[in-house]
Every structure is written in structure tokens, then in C-alpha cells.
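Undergrad: Chain residues, written in single-letter form:
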Amino acid sequence: MKAAVLVFPGSNREGDVAQAIELVTGRKPQMVWHGDGDFEKTDLIVVPGGFSYGDYLRCGAMAAQSPVMAEVKKRAGQGVPVLAICNGFQIVTEAGLLPGTLMRNAHLKFVCSDVHLKVETSQSLFTNRYQAGQVIRVPVAHAEGNYFADADTLKRLEDRGQIAFRYCAPDGTVNGTGNPNGSIQNIAGVFNETKTVMGLMPHPENAVEPMFGGCDGKALFEGLVEALT
Amino acid sequence: MSSNAVSLEKNPPVKLPNEPTITPQIVAEHGLSPEEYQRVLAIMGRTPTMVELGIFSAMWSEHCSYKSSKVWLKKLPTKAPWVIQGPGENAGVIDIGDGQAAIFKMESHNHPSYIEPYQGAATGVGGILRDVFTMGARPVANLNALRFGDPAHPKTRHLVSGVVAGIGGYGNCMGIPTVGGETNFHAAYNGNILVNAMTVGIAPTARIFYAAAAGVGNPLVYVGSKTGRDGIHGATMASTEFSEDSEEKRPTVQVGDPFVEKLLLEACLELMATDVIVAIQDMGAAGLTSSSFEMAAKGGLGVIVELDKVPMRETGMNPYELMLSESQERMLIVLKPGTEEQARKIFEKWELDFAVIGHLTDTERMVLSWHGDIVGNIPIPPLVTEAPVYERPWTLTPLPAVLEAAEAPAPKDWRASLLALMSCPDLASKAWIWHQYDHLIMGNTAIRPQDGDAALVRVNGGHKGLAMTSDCTPRYVQAHPETGGRQAVAEAWRNITAVGAKPLAVTDNMNFGNPQKPEIMGQFAGAIMGMAEACKVLDFPVVSGNVSLYNETEGRPILPTPTIGAVGVIEDIGKSVGSRLTQAGLGIVLIGETTGWLGQSLYLREACGREEGAPPPVDLLVERRNGDFVRSQIAIGRVEACHDLSDGGLIVALAEMAIAGGTGMEIGQPAGNAVPSHAFFYGEDQGRYVIASGSADDVIEAAQAAGVPAVLLGYSGGASLVVKGLLSLPLSDIKAAHEAWLPGYMSATE
Numbered sequence: 001m002k003a004a005v006l007v008f009p010g011s012n013r014e015g016d017v018a019q020a021i022e023l024v025t026g027r028k029p030q031m032v033w034h035g036d037g038d039f040e041k042t043d044l045i046v047v048p049g050g051f052s053y054g055d056y057l058r059c060g061a062m063a064a065q066s067p068v069m070a071e072v073k074k075r076a077g078q079g080v081p082v083l084a085i086c087n088g089f090q091i092v093t094e095a096g097l098l099p100g101t102l103m104r105n106a107h108l109k110f111v112c113s114d115v116h117l118k119v120e121t122s123q124s125l126f127t128n129r130y131q132a133g134q135v136i137r138v139p140v141a142h143a144e145g146n147y148f149a150d151a152d153t154l155k156r157l158e159d160r161g162q163i164a165f166r167y168c169a170p171d172g173t174v175n176g177t178g179n180p181n182g183s184i185q186n187i188a189g190v191f192n193e194t195k196t197v198m199g200l201m202p203h204p205e206n207a208v209e210p211m212f213g214g215c216d217g218k219a220l221f222e223g224l225v226e227a228l229t
Numbered sequence: 001m002s003s004n005a006v007s008l009e010k011n012p013p014v015k016l017p018n019e020p021t022i023t024p025q026i027v028a029e030h031g032l033s034p035e036e037y038q039r040v041l042a043i044m045g046r047t048p049t050m051v052e053l054g055i056f057s058a059m060w061s062e063h064c065s066y067k068s069s070k071v072w073l074k075k076l077p078t079k080a081p082w083v084i085q086g087p088g089e090n091a092g093v094i095d096i097g098d099g100q101a102a103i104f105k106m107e108s109h110n111h112p113s114y115i116e117p118y119q120g121a122a123t124g125v126g127g128i129l130r131d132v133f134t135m136g137a138r139p140v141a142n143l144n145a146l147r148f149g150d151p152a153h154p155k156t157r158h159l160v161s162g163v164v165a166g167i168g169g170y171g172n173c174m175g176i177p178t179v180g181g182e183t184n185f186h187a188a189y190n191g192n193i194l195v196n197a198m199t200v201g202i203a204p205t206a207r208i209f210y211a212a213a214a215g216v217g218n219p220l221v222y223v224g225s226k227t228g229r230d231g232i233h234g235a236t237m238a239s240t241e242f243s244e245d246s247e248e249k250r251p252t253v254q255v256g257d258p259f260v261e262k263l264l265l266e267a268c269l270e271l272m273a274t275d276v277i278v279a280i281q282d283m284g285a286a287g288l289t290s291s292s293f294e295m296a297a298k299g300g301l302g303v304i305v306e307l308d309k310v311p312m313r314e315t316g317m318n319p320y321e322l323m324l325s326e327s328q329e330r331m332l333i334v335l336k337p338g339t340e341e342q343a344r345k346i347f348e349k350w351e352l353d354f355a356v357i358g359h360l361t362d363t364e365r366m367v368l369s370w371h372g373d374i375v376g377n378i379p380i381p382p383l384v385t386e387a388p389v390y391e392r393p394w395t396l397t398p399l400p401a402v403l404e405a406a407e408a409p410a411p412k413d414w415r416a417s418l419l420a421l422m423s424c425p426d427l428a429s430k431a432w433i434w435h436q437y438d439h440l441i442m443g444n445t446a447i448r449p450q451d452g453d454a455a456l457v458r459v460n461g462g463h464k465g466l467a468m469t470s471d472c473t474p475r476y477v478q479a480h481p482e483t484g485g486r487q488a489v490a491e492a493w494r495n496i497t498a499v500g501a502k503p504l505a506v507t508d509n510m511n512f513g514n515p516q517k518p519e520i521m522g523q524f525a526g527a528i529m530g531m532a533e534a535c536k537v538l539d540f541p542v543v544s545g546n547v548s549l550y551n552e553t554e555g556r557p558i559l560p561t562p563t564i565g566a567v568g569v570i571e572d573i574g575k576s577v578g579s580r581l582t583q584a585g586l587g588i589v590l591i592g593e594t595t596g597w598l599g600q601s602l603y604l605r606e607a608c609g610r611e612e613g614a615p616p617p618v619d620l621l622v623e624r625r626n627g628d629f630v631r632s633q634i635a636i637g638r639v640e641a642c643h644d645l646s647d648g649g650l651i652v653a654l655a656e657m658a659i660a661g662g663t664g665m666e667i668g669q670p671a672g673n674a675v676p677s678h679a680f681f682y683g684e685d686q687g688r689y690v691i692a693s694g695s696a697d698d699v700i701e702a703a704q705a706a707g708v709p710a711v712l713l714g715y716s717g718g719a720s721l722v723v724k725g726l727l728s729l730p731l732s733d734i735k736a737a738h739e740a741w742l743p744g745y746m747s748a749t750e
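Protein sequence lines correspond, in order, to chains A and R.
Numbering-wise, the first sequence is residues 1 to 229 according to this note's numbering.
Numbering-wise, the second sequence is residues 1 to 750 according to this note's numbering.
Heads up, a few of these hints could be off.
[Stated by the list, open to error] Some chain A residues flagged as far from chain R (calculated, every beta-carbon gap over 10 angstroms): (1) K28; (2) A143; (3) I163; (4) I184; (5) T194; (6) H203; (7) N206; (8) E226.
[What the hints assert, rightly or not] Listed below are the simulated DSSO-like cross-link pairs for lysine-lysine, each with C-alpha atoms no more than 27 angstroms apart in a straight line: (9) K536/R with K79/R; (10) K412/R with K74/R; (11) K28/A with K75/R; (12) K28/A with K464/R; (13) K218/A with K2/A; (14) K218/A with K464/R; (15) K73/A with K349/R; (16) K79/R with K298/R; (17) K74/A with K28/A; (18) K430/R with K155/R; (19) K41/A with K349/R; (20) K218/A with K575/R; (21) K75/R with K517/R; (22) K724/R with K412/R; (23) K349/R with K74/A; (24) K109/A with K155/R; (25) K75/R with K109/A; (26) K79/R with K502/R; (27) K109/A with K430/R; (28) K28/A with K195/A; (29) K74/A with K2/A; (30) K226/R with K298/R.
[Claimed, not checked] Heads up, incomplete: computed chain A residues facing chain R, CB under 10 angstroms, no partners named: (31) G10; (32) S11; (33) Q19; (34) F148; (35) G182; (36) A207; (37) V208.
Since the hints were derived computationally from the structure, they do not count as laboratory data.
All C-beta atoms, glycine included, are put in the ideal place defined by N, C-alpha and C.
Generate the whole structure from the sequences, applying the supplied hints.
TA: Written out as C-alpha cells, the structure is:
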């Protein structure tokens, strides 16, 4: 699997996801600078976490207008898979690749913590190594991860199986206690209609080694390798 | 250009339009005493211009010149075979093997954080990060030591909220994990909180960058943010006591932009990977003044700064403002000649300002030009060599009488007293704070906050780990500075040891009151004596540090707080241990001698309402022997969890281990031990650890052979903390009490 990781001014988890990809694939991904609208063809595009453009104006709003994102939109339209994590999720919603938006956390503070996620479906490039209903533990680290979409959009997401992960309690119960940011219906990650674009607030890339946060995020990358190699 | 400037240098500076005449009042406003001003006149041989006066004021401020502390700081040991760079540079540098160096320093941002907590704390983090990446290191971890006033004080909640948000706001955006620290509350900090921020970075030993300028004619380059009017005279502000009108000083607090600093970090590291830098220095306190001055002084050179070339944020700025602004996210670089365009391209890529603003000369003078006129011309060496150094009068704090265990009552209700201690502001969980800090970014955090005595971060690309901690027990230092100084160093050393790492070096952040009072200077002197002795015996040199004096409001000083930041190394991170008790059936072994020392203990303060007695003595040879033993047992895999004993003594340490790992225990005071139970369990004797081991007998046998006191207290298991004959408490109750206080406090309305 050949992967490209985008780098915007202010990105800061591009190294983490590159490290996770290298761990699983044995090769370093290509790092693509935001001004580079014409990067090498790859099997996967990753929009990483961070504070692109300082999160000024609105998280992800400026990055969504960058030359590289015009190209990402084009390639996503052609079916190239896009994994968008944290600030990346904010960027792709701003770019219109995924429905909904990420608002300020309900408690108004930055939160860095392990959370539990319920895998909603194993029927995707990104989740094929998980079982539907499985509970995994991965960290979040964000101030604006409070997912919101209007009622019609939510219904459409539900009906079409576009919800990837929900925050839950350690036993899998989806309720308020496991929700770190106030996201509507505990939504932690969503797909586009074709399930080739996935955005999520948690950081699977920080859960790939036993001593460093556990391994529950590793299957996401392994699943991608399996699907894209 | 340069020949023109050199000829101009011979002329006296011109006066700028509207420049005021220097009066005694203006001198006083610059924080210079009449005697210090006489030195200025003697050095200059004439009345200085305003910008020149401003430069003297900043360079001779306590903050920049260390004039009250210098004679004492010299007493600290600073050398060891692994020390690459000790105090005097932007940060300390130690060799951690494999061609790598750890670069670290702690620095205070106390005064600004009290005036404007968010920006004060944020720029404190920004400043210490720059100190570390200036030297070529990529920062890999941040820590912070915070001291706030009484929780009941009307300002405390606002200060906690702002400081924590500010630290998080800056560090999170930079993408550097904030992995450790400490937070205390005491009424002595009501009017002067302490915000001490530490950064640890890693660089190849072969590529460390220093501040000393070299090469006459080499270009002086300004990079980063534009200069604005923020923070003018911050260093002078940080060198005086507060009064009620301190809030009027808000304009002297700088405003941070972590996004720009992130760009500056990446741009500087990219530039450092080329071969074009002669010297580099960040612009911290006293901005362009101290950075240009220090670079020239360290290189024995002169410098011409063309101030009109400095990138400016607003129009109408004058030389005085440009030289004294503390705008953030700026660096000064001396480049090799002819490399300007190569460097410029890198900074343009990162969308940062880049300007050649002068060059080095052989005159040993700092010459400032402004649209072709000379506006300042100061000889550099005398400003350094004739800087005031004060041997201020000092009176040592006498050692208070020892408080016998019998003088402190035993708890009437053991359950209630433990719950009260576990939920008191100093011991309550600080999760509310560290969950606001990204402590996981970079994917190398092996021991997270609260999971061990020291934070542990993997060094990229290997199995090595860096352990780090920050420690001080101000109530001990207040009671007897020498003991307190010794204890702060010993506790830091112990915390590094408790995760299995070898302690290597220290950065100190000396926070004290007004040094012009002999008793305060005596606290400083005593703390230094204790620290020096501990650093020497423990082979734990000081490699960097910072002094913050005048932490007083309306004449009331803070508790003397010499914060010790420390770094250690473990070769195989897989062999490290945390303090969480996660398995049943492990032997719980107490290492070290317990006399039941209750003087200055947290039990005495929280349960009895008394802050009395002598602090626990620190026997450094015992400390070393016990610590070396514990480390050796961790190294051979006999230890599953380890926790040092400090605030709250044995029972608090056991409760912390149990609730962190979700495993209870049943223990008891060993038969025949004559120490009164409350002193045995709450006493704060030093040099002690608790370890959980699957081979406790072997550990005890080895301890006996090594002459280390070790005793089996009981075994892990169950969901309660059971102390035979004294108490049985479900872990869920302890955890609830421990975790509830801070969130409850922060969400309460006035």
C-alpha cells in the first residue's frame, strides 16, 4: 500500500500517522506539502491531525481551501480512499467530502484521554479487521470534536450505514458517560456514501504499540493494507 | 553599507524627535538604582539616550543579570562526564548515548501569569520551547510546576483555569506532549502564583547550536514574527514586587501565537539541517536587546543593528520600542556569509519573516542605527563585566524544633482521615488539568501522568527512554531551606529512580521573594547549600536554570520554591515500571527506614491544621544506597510496580498505587515495629519506596545483603485497601474522593 500524508502549516500528528503506517506496511508514506497540488499517485491519502493554520478562523476552514485539497477532492471523487483524522476530519468536512461539522467540545475544554469506541460496521476498507459491535480503546486529543449534523443528515447516515464509530462506555453501552465532547448520537467517525472517505476524531495512530497506548488502532491500518495492497 | 555604518559609529548618537531628557524619575522607572545609574554614566562617559538607558535597564534587571543570585548559583555543581553544556547557554545539554543529547531547561513565567493567566502561561511554554529548539533539539516533552493560592481565595479559580488553558493552548498546538508536572495550593501564593515550564528536547550530539557569534562581517538575521509593542519592559516587571496596581502592567505581558512558533520550530530545524548557521539565539526576555547583546558578548565581538530593517507589526514604532519589545516567536541568527538566500527560501516556505538586520563587527560595541543615524552606541564588555553583582545580606532560617510523633494526635477515624487527605487540594487527582494537555502526541509516551513517579518518553527509533520529573516541597523549604533544598533534589532523583531510570541531571527554577530582605536571601542561600550538597552526593549536576525573585505582593513573600526539573535515562524502556498496582498476589515491600517523621507532614497540616516542626532530614548516602538498590531490582525484573513515598507518607502511596491500577491489598504494620501507627503510615521519612513484587522474598534477601531496610507489608488483591486493625476502604470510595475535588472546585461558581 502506497500512502500519502498531507502536511499543512500547523499539522502536528503527521509524524504519528506516518510512524503507524510504516509500522504496518514497512515503508514510509510520502509526505505531501499543502502547496503541492500535483503529488504522486497513491493508494491512500491521509489528512492528519494538528492545528492547520493555527485553527484560526475555524478549524479546518483554511486548509480546506489549499491547493492540495482541490486535488484530494478530485481524487476522492475518483475513488481514492481518504482517511481523515482529528483536524483532518475537520478539514474534510469543511471541504465537503463528509457530511456534518465539528463544533467546540460541549465542556469547552481541550480533552486528551483514552476513549472507547463501538465499531458500527466491519463493511468498509477502514474497519474490515474489526467486528461490528466490537469495543476498542483509542485516545482523543481535541478541543473541537463535537460532531453535529441536522436530523435529515443523521437519518441518511444511519440508513446508509455511514456511521463508522460511536463513543461508548468500556462495556459497549452507547451513552453520555463515554462521550468525551458532546457529539450528537455519540458519533466519533463517519464515512461518505461510498465508504471510501472516513473521518474520525480519535487517534488510531496513537494506539499501535502495546507499551504506548495499546494496539486497538493497529487493525485499522492493517485492514487498509489488506484492502489496498 | 557596512563601511558607511562603521564611519557613523564614531559619531555620538543623535537624539530622536520628542526624546525626553533623562531625569532621576525616568531612571527609577527603568528599575535602576541611583548607584546603578552612576555606573551607566561611568561606562558611557556621557548621558545615555533613551534607547541606551532602556538597554541598561533590561540587561541589568534581576531577570537578565542574576545580580542577586549569581554569587550563590556558582556553588551548584555543574559538571559530570555526561554533561555537554552546563548553565550559561539557552539550555543544558547532556549526553544520553548513541550520539544523542537531551537538551532541557525549566523557566518561570510567574509575574505575567498572575496578571494575565492564559497569555502569561502560554508564552512561558513558548519561551522555554524556543530555548530548547534554539540549540538544535526537537522538543519531545513538556512539564510544568504550578503553585496557586488558597482555593478559597477569590482569584484562584480564575488563575487555575487560565493557566491550564494557556499551557494546553500553546503546547497542544505545537504538538509537543505535556507529560508531567505538579500542582500545589497554598495561601502564600495568593498574590504570586508560580508557573514553571520545562521542555526536554533531543538532538544529535554532533549538531548542537550555540549562541556565541563569530566572524566579523557575518550577517545578523531576524526571523519569525514581526515585532510589536507587546511586552515592553517585561524583564524589568519580572524584577520588582507586585503592588495593588500590578494589573495596570497588563500591557507588559506578551501575547503568544503557537501556530507561528510551530512554523518557526520547523523552519529552524530545517535550516539547522543545512550548514549555514554560525550562531542562533531566541529572543526571550528583553527581546532584541538581550539576544543581540549576548551573541556579540559571548563571541567577543561587536554588532551593528539597523533597526529600521526589523519587521514591524505596526507603524510608528521607534528604536526604544524595537529594542525592548518582547514580542514572541522571534529568533536572531548569525549566518555564514553568502548563505542568506538559501536561508531566506526556508523561512519563506514557512511563511515567516526573514530580514538581514545587521552584521558583526570587531569593535566590541553595540551600535544601533535608525534610517542612517546612529541612535545608540554602547561598549559591550563593560556592560557585562561591570554589571552590578550583589552580595546581599542573608540570615539563615534556623532549624525548627523536631516534632515528636506523640505531639500529633492519631486520627479518630482512619477512613475519614485517609479520604480527607486523598481529596485535599495538594493530593487530589490533577486529571482535570492534565486531560487538557495532549500528553500522547508523538506516540512515545510510555508512562502517562499519574501512572508513575516520573514521565517516561521513548527516544525515537530505539528502545531508550527519557524519564523526567519536576519536584519541590515548599513547606519543607520554608521550615528549613537547607533541608528543603536537599529534599527537592533527592525527591526528583528518587522519582526518576522509581521508574527504573538512571538520574542524570537537573534544571532548577528558583522562585523566591524579595532578595533585599536578609531572611529571604537566607532562604535562597540555604536552599542552594542543600541543593548543592544533594547534587554532589547524587552525581546529579545542574545544567540549566532560572531565577525568579521578588515574588511578593504587598510585602508578603511566597513559600521559597526551588523547583527541580530532572532527566534520567533507561536503556531498555521495556524494563521500566510505573506505580499502578494491576495484579493480585504481589508482595508489597517497603524499602527504607521509617521513623514516623510527622514534622511538616501533610497529615499534620491537613488533619491537625498545623504547619510545624522540622522537615524530615535527608541522609543523602542512604538516599543513594536505597535508590541504587531499587533501580537494580527493577533492572532484573523483580518489580511490577514502584512508588516513592512523599506527601502523605506510606498510606497515601499505597492508596495511589491501588486506585491507579484498580487492585486492592491487605497490609499491616510489621509485628514488633514500635512506631505509633499514625506516624508509621503518615510519616514522611525520606529515601523510601514501596514496590510490588512477585518475588518479594528475593527482594528482601537482596536488600539485607545490600544493607537496605526492607520489609514485607502484605499482598495485593481484592478491591479494597485493607490495613489490618486500622481500616478497610473500597477503592471506589478512595477513587471517588481523590477524583472529585478538582473538577468540583473548578465547576463551582463563586
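Undergrad: Go through the numbered hints given earlier and state which of them the structure violates, listing their numbers in rising order.
TA: Hint check: 2, 6, 7, 10, 11, 25, 34, 35 fail, others pass.
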